[in-house]
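From first to last, the protein sequence lines are chains A and B. Going by our numbering, the first residue of the first sequence is number 1, and it counts up by one from there. Going by our numbering, the first residue of the second sequence is number 358, and it counts up by one from there.
These aren't lab readings, by the way, just hints derived from the structure by calculation. Be a bit skeptical, because a hint or two may be false.
As the list claims (entries may be wrong) - Below, a list of computed lysine-lysine pairs in the BS3-like style, where the Cα atoms sit at most 27 Å apart: (1) B/Lys646 with A/Lys310; (2) A/Lys30 with B/Lys636; (3) B/Lys646 with A/Lys30; (4) A/Lys28 with B/Lys681; (5) A/Lys328 with A/Lys162; (6) A/Lys96 with A/Lys24; (7) B/Lys652 with A/Lys49; (8) A/Lys162 with B/Lys646; (9) A/Lys108 with A/Lys28; (10) B/Lys681 with B/Lys652; (11) B/Lys636 with B/Lys652; (12) A/Lys98 with A/Lys108; (13) B/Lys609 with A/Lys98; (14) A/Lys310 with B/Lys625; (15) A/Lys64 with A/Lys107; (16) A/Lys108 with A/Lys64; (17) A/Lys96 with A/Lys108; (18) A/Lys64 with A/Lys75; (19) B/Lys646 with B/Lys626; (20) A/Lys30 with B/Lys681; (21) B/Lys636 with A/Lys277; (22) A/Lys24 with B/Lys609; (23) B/Lys618 with A/Lys310; (24) A/Lys30 with B/Lys609; (25) A/Lys225 with B/Lys413; (26) A/Lys64 with A/Lys98; (27) A/Lys30 with B/Lys652; (28) A/Lys30 with B/Lys625; (29) A/Lys162 with B/Lys636; (30) B/Lys385 with A/Lys107; (31) B/Lys618 with A/Lys162; (32) B/Lys609 with B/Lys646; (33) B/Lys626 with A/Lys310; (34) B/Lys385 with A/Lys30; (35) A/Lys30 with B/Lys618; (36) B/Lys602 with A/Lys310; (37) A/Lys23 with B/Lys681.
To be verified - Which chain A residues stay away from chain B? Per the calculated CB distances, all over 10 Å, these: (38) Ser46; (39) Arg67; (40) Asp95.
As the structure is a computational prediction, the values presented were derived from the model and not from experiment. The C-beta atom is built at its ideal place from N, Cα and C for all residues, glycine as well.
Residues per chain, in single letters:
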Amino acid sequence: MATERRTDIGPPNYQKFLPPIIKKNYGKWKYHEILGPGVMVHVGESGDKLYTVRAASPRLLGIKRIREFADLADKYCGGHLRFTSRNNVEFLLTDKSKIEALIADLKKLGHPVGGIGNHISNIVHTQGWVHCHSAATDASGVVKSVMDDLCHYFSEDQVPGKLRIALACCLNMCGAVHCSDIAILGVHRRPPRIQHDTVNKLCEIPNVIASCPTAAIRPATIDGKPSITIDEELCMFCANCFTVCPSLPMADALNDGVSIWVGGKVSNARTEPAFSKLAIPFLPNNPPRWPEVVDAVRNIVEVWVRHARKYERMGEFIDRIGWPRFFKLTGIPFEKQHIDDFKYAGLSFKRSAQIRH
Amino acid sequence: MAGKGGNGTPLLDQLETGPWPSFVTQIKSMAETKEACSQLLGLLERSYEEKIGHWKHGGIVGVMGYGGGVIGRYNDLQEEYPAIAHFHTLRVNMPSGWFYTADALRTICDIWERHGSGLTNMHGSTGDIILLGTSTDELEPTFAELTANDFDLGGSGSDMRTPSGCVGPARCEWACYDTLHLTNDITQTFQDELHRPAFPYKFKVKCSGCPNDCVAAVARADMSIIGTWRDQIQVDSGEVTAYAKAGLDIQKDVCSRCPTKCIEWDGKKLTIDDENCVKCMHCINVMPKALRPGKDQGATILLGAKAPIVEGAMLSSVLIPFIKIEPPYQEIKDLIERIWDFWGEHGKNRERTGELMQRVGLGNFLEAIEVEPVPEMIAHPRENPYVFYEEYYEEGEEEEAGA
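Please work from the sequences and hints to get the whole structure.
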């Protein structure tokens, strides 16, 4: 083959993929309106109207389904579609009369339409047991189970404000779930098991020692070979060391599970972006349907739906009512694990006498 | 169905019921023609039985001349699941804004049908098209077909990760700059840094068109470029009245939620004290037909967000309170290069820019990257009186000391 090898060309230019109505109204949109669950219209200064239909996706898609999406784009949208930052698929129409037929076709394929405005949007998530080496729980299975339960909030029933749920299957947080209204986070609870016969072959010991945020790892000679020891009392199960050294596996069926965090956000609307805070330190991995996790998430969502004011996101709601009342309303027991003990822990202690009695 | 193991996938099958689309159905749809997908179902069923994953640490695999873009993946039960003994991921750089034509998607599907599992993520956490699962010898042929069709790999490892941006001016009236153009331009400018890892750790760039931050730049990108404006919110008073007439309680749902109480409604007229507006977007979000961002638009640049690994999770903090975002974006590119220079020289292995900034101190970091300190960078001045000064005066220097 004499053809030249192409490299460093970068992604195809997005301009090639924009529908004509977007090219025409690019940067000249005037306003938008939400017409119903998962349907909105953007109106240009030109008067042009662009209708968006947003459908749920499991993110993990086979090429058969992607081709079916492509066929729908041909049938309804002049061959154009896009995906969202929360892994929904969006169809962009210029003909309002085609919306209902498109929604019916999407439903036939098993993709509910929704997630716009004050509805629960798709869960951003990671790979889990489908394809990751460091997962403390599955991702897709938990997401499927939780969204089966909450789907009516995606496609039918309104909630007080935006609610963003995210799942990461370990503390690496490929899904960066740490600023979500509700975060589902896989956790380990057992220190790594050191495979002394391979540490020196597979890992750089100084890197392993440097990877530990609590300095729990020290060099040691075991059976005449260079290896490490771990002060288990200092281990907080972050799996940093495993990330740099495969000889320190963390996964453990008995001790791995899921934690639930609440009240984070990234948008600047009203309040500043915020981290999620720990609500439930540990729930068991109980595949295939994770009933404890599904119940816990539904409980938190329903407390918020019942008590939050309009537009109030989870964190704003909890700020208004206070954490003691959050624990009371949800019935979640408060435990030692809820109190931070890493860096700057004192900043999260209550430092006033302003208490609701 | 489950390939090896024999007894089907009774646990996974339970995830094919219910209203939400099922990933199991997606894997099964490919298992009919791909033995790898059949064995993936078997391996995953086993994880569901044993409550533990069966994938090993990635090895070093890739395409010629690149150090990133491919994630090596091997299972730990290779004799039982040989068709997925290696099952590597290719990250394919998505077009800005995740816009596609049906034909472009079909092209990717065809390539992936020929060379891999036929399974994808649309999309991965950083934004790439994820081609999920192929063997080592298929990597180079896949890459050749992708590049022949104008697609290229994205980032992985200690490199510039694939930049991403929100839908921006393509379909949003709130975009304060062209997020798609900037995302694409930065991606193209730094192809070498994207494909050949040479940094202490990963570096992410995300472009959000307004402070609603739909790509979570403030939480997920080392460099978060968030659109904003510095003049007056545009008000269409006729539409304000229309919202009130339609039943919106402007006082309760708009004014009382304003974080700086800079917006007032007397039942007839809306007044905004724009000097006190912090551009939070709430009033605009609630009344999109009546209010719009101002006309003097640009962005706030923040630096340092990351997930917990290594020193704890961080949100980005303000580096440049306001900058005009206009091609060729030289000022931003120069800033990025100054940050990379300092980080490359002083960053520890696996230290993100946010952690570096904390370790050396924001003040010192600013000096190093030649950015002046301004009060917009902090929530409040220090409370801690242990202040560093680099020099002091000796006796005889009373004049210099101003004594």
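Against the structure, the hints come out as follows:
For the proposed pair B/Lys646 and A/Lys310, the alpha carbon gap of about 19 Å is at most 27 Å, so the pair holds. Our distance criterion of 27 Å between C-alpha atoms is met by A/Lys30 and B/Lys636, whose separation comes to about 19 Å. Of the supplied pair hints, the one linking B/Lys646 and A/Lys30 holds, its CA atoms being roughly 8 Å apart against a limit of 27 Å. Of the supplied pair hints, the one linking A/Lys28 and B/Lys681 holds, its CA atoms being roughly 19 Å apart against a limit of 27 Å.
For the proposed pair A/Lys328 and A/Lys162, the alpha carbon gap of about 23 Å is at most 27 Å, so the pair holds. Restraint check for A/Lys96 and A/Lys24: the C-alpha separation of about 18 Å stays at or below 27 Å, so the hint holds. Using a Cα cut-off of 27 Å, the hinted pair B/Lys652 and A/Lys49 holds, with the two alpha carbons roughly 23 Å apart. Between A/Lys162 and B/Lys646 the alpha-carbon distance is near 20 Å, which keeps this suggested pair within the 27 Å criterion.
Between A/Lys108 and A/Lys28, the direct Cα distance comes to roughly 35 Å. Violation of the 27 Å bound is thereby established for this hinted pair. Between B/Lys681 and B/Lys652, the direct Cα distance comes to roughly 12 Å. Compliance with the 27 Å bound is thereby established for this hinted pair. Simply put, B/Lys636 and B/Lys652 have alpha-carbon atoms about 13 Å apart, close enough for the 27 Å limit, and the pair holds. The straight-line distance between the Cα atoms of A/Lys98 and A/Lys108 is roughly 16 Å, inside the 27 Å bound, and the hint therefore holds.
For the suggested pair B/Lys609 and A/Lys98, the alpha carbons sit about 38 Å apart, so the restraint of at most 27 Å is broken. The hinted pair formed by A/Lys310 and B/Lys625 meets the criterion: a straight-line CA distance of about 23 Å does not exceed 27 Å. Proximity of A/Lys64 to A/Lys107 is assessed by CA-CA distance (about 16 Å); at most 27 Å being required, the pair is judged to hold. A C-alpha spacing of about 15 Å is found between A/Lys108 and A/Lys64, which places the hinted pair at or below 27 Å, so the restraint holds.
Between the alpha carbons of A/Lys96 and A/Lys108 the distance comes to roughly 20 Å, so the proposed pair stays at or under 27 Å and holds. Proximity of A/Lys64 to A/Lys75 is assessed by CA-CA distance (about 17 Å); at most 27 Å being required, the pair is judged to hold. A C-alpha spacing of about 16 Å is found between B/Lys646 and B/Lys626, which places the hinted pair at or below 27 Å, so the restraint holds. Distance restraint check for A/Lys30 and B/Lys681: the Cα-Cα separation of roughly 22 Å lies within the 27 Å cut-off, and the hinted pair is therefore satisfied.
A C-alpha spacing of about 25 Å is found between B/Lys636 and A/Lys277, which places the hinted pair at or below 27 Å, so the restraint holds. Between the alpha carbons of A/Lys24 and B/Lys609 the distance comes to roughly 38 Å, so the proposed pair goes past 27 Å and is violated. Distance check on the hinted pair: B/Lys618 and A/Lys310 sit about 18 Å apart at the alpha-carbon level, within 27 Å; holds. Pair hint A/Lys30 plus B/Lys609 holds up; C-alpha atoms about 25 Å apart against a cutoff of 27 Å.
At roughly 24 Å between alpha-carbon atoms, A/Lys225 and B/Lys413 fall within 27 Å of each other, so this suggested pair holds. Under the criterion of a C-alpha separation no larger than 27 Å, the hint pairing A/Lys64 with A/Lys98 is consistent with the structure, at around 23 Å. A C-alpha spacing of about 13 Å is found between A/Lys30 and B/Lys652, which places the hinted pair at or below 27 Å, so the restraint holds. Distance check on the hinted pair: A/Lys30 and B/Lys625 sit about 23 Å apart at the alpha-carbon level, within 27 Å; holds.
For the proposed pair A/Lys162 and B/Lys636, the alpha carbon gap of about 19 Å is at most 27 Å, so the pair holds. Proximity of B/Lys385 to A/Lys107 is assessed by CA-CA distance (about 19 Å); at most 27 Å being required, the pair is judged to hold. A C-alpha spacing of about 22 Å is found between B/Lys618 and A/Lys162, which places the hinted pair at or below 27 Å, so the restraint holds. The straight-line distance between the Cα atoms of B/Lys609 and B/Lys646 is roughly 18 Å, inside the 27 Å bound, and the hint therefore holds.
With a C-alpha separation of about 23 Å, the suggested pairing of B/Lys626 with A/Lys310 holds against the 27 Å cut-off. A hinted pair counts as satisfied when its Cα atoms are at most 27 Å apart, and B/Lys385 with A/Lys30 does not qualify at roughly 44 Å. Straight-line distance between C-alpha atoms of A/Lys30 and B/Lys618 comes to about 26 Å, which keeps the hinted pair within the 27 Å bound. For the hint pairing B/Lys602 with A/Lys310, the CA-to-CA distance comes to about 19 Å; that is within 27 Å, so the pair holds.
For a cut-off of 27 Å, the pair hint linking A/Lys23 to B/Lys681 stands: about 23 Å separates their Cα positions. A cut-off of 10 Å between C-beta atoms confirms that A/Ser46 is not in contact with chain B; the least separation is 13 Å. Its closest Cβ contact with chain B, about 6 Å, brings A/Arg67 to no more than 10 Å, contrary to its assignment away from the interface. The non-interface label for A/Asp95 is consistent with chain B: the shortest C-beta to C-beta separation is roughly 17 Å, beyond 10 Å.
When each numbered hint is compared with the structure, violations occur for hints 9, 13, 22, 34 and 39.
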